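Engineer: This is what each chain is made of:
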Amino acid sequence: GQQVMQIPQYQHVQEGEDFTTYCNSSTTLSNIQWYKQRPGGHPVFLIQLVKSGEVKKQKRLTFQFGEAKKNSSLHITATQTTDVGTYFCAGPRGQAGTALIFGKGTTLSVSS
Amino acid sequence: DAGITQSPRHKVTETGTPVTLRCHQTENHRYMYWYRQDPGHGLRLIHYSYGVKDTDKGEVSDGYSVSRSKTEDFLLTLESATSSQTSVYFCAISEGAGGQPEQYFGPGTRLTVT
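Here the protein sequences line up with chains A and B, keeping their order.
In this text, residue positions in the first sequence follow the working numbering: the first is 1, and each later residue adds one.
In this text, residue positions in the second sequence follow the working numbering: the first is 1001, and each later residue adds one.
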């Protein structure tokens, strides 16, 4: 069945280091979304990518959608302690509809 | 934050008892979703609704039923709770106006089945 995979599962960095999480889909996606969940919190929408090869930036966060629309990445430059949490990618479940299938997430910890 | 509340926020119940979790929204969004979150499994879709009385199964629907009699409320029922249903349950909503709308999540319900 359809799968969305993320690596790594966990990542620990020193504050100021960069961080990247990768998302791979078993199927071509019409779009991909990224969410962040702080410890003890709920997932919060970060961004959506729609176009092949699209790159979007939010301050220190850079999101990329692959040319084949089957993979994506989130890169954080110069991590801060506020970046701690779990980052999920999600793609449309099936061919239509609004339901999403989520990756298992990458949990980022940052030490100062 | 979107106007989404979940009740109860915490619940401990015994194996074999029925449990109902409630999701309430004030956004008048068409789509509502129930997910469970377990360590190592991320967010898994249980059921979702695309309108009043219109629901469909997700990837882990066995042992769960849902109902939506009003736009603002989406109920998740565990007919006979089992220990494997110990989890954190999140409700989410989306507008569904076109394309792939983002989802807004509620605060979650932590359910423990003993």
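Calculated directly from the structure, the hints in this document are not laboratory data.
From a predicted model like this one, the values you see are computed outputs, not experimental measurements.
Don't be surprised by glycine CBs; every beta carbon is placed ideally from N, CA and C.
Just so you know, not all the hints are guaranteed correct.
Unchecked claim - Below, simulated DSS-like cross-link-like pairs (lysine-lysine); rule was C-alpha separation at most 30 Å, straight line:
1. B/K1011 with A/K104
2. A/K36 with A/K104
3. A/K70 with B/K1057
4. A/K36 with B/K1057
What the hints assert, rightly or not - A short list of chain B residues far from chain A (calculated; beta carbon distances all over 10 Å):
5. E1014
6. L1045
7. K1070
8. E1072
9. S1083
Engineer: Enumerate the violated hints, using their earlier numbering and listing them in ascending order.
Structural biologist: Number 6 - this is the single hint that the structure violates.
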